[in-house]
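**Q** Spelled out from the first residue to the last, the chains are:
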Amino acid sequence: MLSKLFARTGRIVINILDNVGQIALLFVRTVYQVRQLNSALLLRQMAHLGADSLAIILLTMLFTGMVMTVQTAHEFVKYGAQSSVGGLVAVAMGRELAPVLTGVVFAGRVGAAITAEIGSMKVTEQIDALRVMAVNPIAYLVVPRMIACLLMLPLLVVFANVIGSIGGYMIATAYAGIGSFTFLNSIQVFAVPHDIVGGMIKAMFFGIIVAIIGCHKGLTTAQGAEGVGRATTGSVVLSIILIFISNYFLSVLLYR
Amino acid sequence: MINLVNVNMNFNSRQILKNINLTIEQGEIMVIIGPSGSGKSTLLRLIIGLLQPTAGEVWVGGREITGMSEDELNKIRLEMGMVFQYSALFDSMSVGENVAFGLRQHTSMSEAEILQTVARKLRMVGLRGQENAMPNELSGGMKKRVSLARAIAINPHIVLYDEPTAGLDPIMSNTINRLIVSTRRLIDATSVVVTHDMSSAFGIADRIAMIYDGSIIEMGTPDKIKQSENPVVAKFIRGATAMPERKGRYRA
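First to last, the protein sequences are chains A and B.
With the first letter of the first sequence counted as 1, position 64 gets the number 292 in our numbering; the numbers rise by one all the way through.
With the first letter of the second sequence counted as 1, position 221 gets the number 228 in our numbering; the numbers rise by one all the way through.
If you're looking for bench data, these hints aren't it; they were derived computationally from the structure.
Here a beta-carbon is modelled for each residue, glycine too, at the ideal position from N, C-alpha and C.
Heads up, a few of these hints could be off.
A few chain B residues facing chain A, derived, Cβ under 10 Å [said to hold, decoys possible]:
id: 1; residue: 98
id: 2; residue: 116
id: 3; residue: 154
Sample of chain B residues with no beta-carbon within 10 Å of chain A, all distances over it, derived [what the hints assert, rightly or not]:
id: 4; residue: 12
id: 5; residue: 63
id: 6; residue: 222
id: 7; residue: 226
With the rest of the complex left out, here is chain A (with noise of 0.2 Å):
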């Protein structure tokens, strides 16, 4: 019995190490072939991933930034802290939740729509016919999309940072009576540069991982549609999970 134990923990422990290396190796892979980057593959990737990611992003980092003015607004007044809320509202958003929100709906839309692509290819044998017709599906494939995700996050994240500070606003001014001035003060006061750089340093390494655990699912995809479903799935809760984890040690790294 106890046996058995140690021998499912073992192999466990042997599948997950074996995943950590495989992905390490896709990057190193990856980062050797950015050598033979193909820019018309690089702009369109961008333009898919990234510009066509805006109007969610907007979407939820508005509410995000409306959301944490209501929670937070009141109790400021109540002690007369009312001229920290600008403040408190622009370096969260610019140190955590623009770029930890945005990343994970980077990751739930970019890294399932890259997964679900390559996945589909592998099951139907795209990427041998890539091999066969010696082009390296690193270098067509993985490259494009890793520098797309690694520049058009953290555009993204500036995006949030603005969209969120506007809904903290709206909600500060029209819902806890906080003046404008007193709102838009309180930001220039509190928050610096390095609260949007870092947060936009957070993002570049969140579009790597996004992009890196997507292709890497998708290249592992088992055949058929099952597998595809279960690629793309293990890819978004893989990224989300690595997101929050790097997050925690970039934090401590840039904002000691």
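Mind docking chain B on chain A? Use the hints.
**A** Quick look at chain B alone, frame taken from chain A:
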């Protein structure tokens, strides 16, 4: 041209190919036949380097490809083309873009030259004017023909066909068979065809090799295969079922 020397292939502790020794001469059409699961498609993938053998050597065009890196294999693959069983067309690209793919990736041809070449290859396979069609709009036979046009776009010396007539009606199967023979004639390609369609095999092959249980059990001209005294070969080519013969009628 292509040599397999003592090739063995294992998957998940199961031996798929056992001591395969096979030589395919330049310009010939070699047909590999055998029951499903006998290792025919695995053999094809070993020749083009999609798989590495567990043991043995694979030689293509005088170079040993066993153990080559992917970059080195890509240089060999520029001289090869493959028609997949389910066509494996890039479904985000049109027919023309599929056929042009290899030309755009590996040649310095101008766009006008590429379009001319694509049109010529599509004419060769009887799909004139279909450049703008998408793969999901095509029938099975049309997809196979696009796959063939794509495989021969860069005029390879070796063309591999994985079950080229699978799932096709007899008329379309004959069309594909005629294309395989005419492709050999037009671009002087060595062809390796994997199939269990015996009428196709006898119709196009210069030589036939039968794989059974991972080994080559018979090899020779179509006539020699037809006259084979090996009971497994005889049973296969006559299409007998695996069930033992019964006396009397089958009851419901």
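**Q** Now tell me, hint by hint, if it's right for this structure.
**A** Verification of the supplied hints:
1. 98: Constraint on residue 98 (chain B) satisfied, holds at 7 Å.
2. 116: violated, 15 Å
3. 154: This interface hint holds because 9 Å falls under the 10 Å limit.
4. 12: At roughly 23 Å from the nearest Cβ of chain A, residue 12 (chain B) sits farther out than 10 Å, so the non-interface label holds.
5. 63: holds, 21 Å
6. 222: At about 25 Å from chain A, residue 222 (chain B) clears the 10 Å cut-off, so the statement holds.
7. 226: About 26 Å separates residue 226 (chain B) from the closest Cβ of chain A, which puts it past 10 Å; holds.
When each numbered hint is compared with the structure, a violation occurs for hint 2 only.
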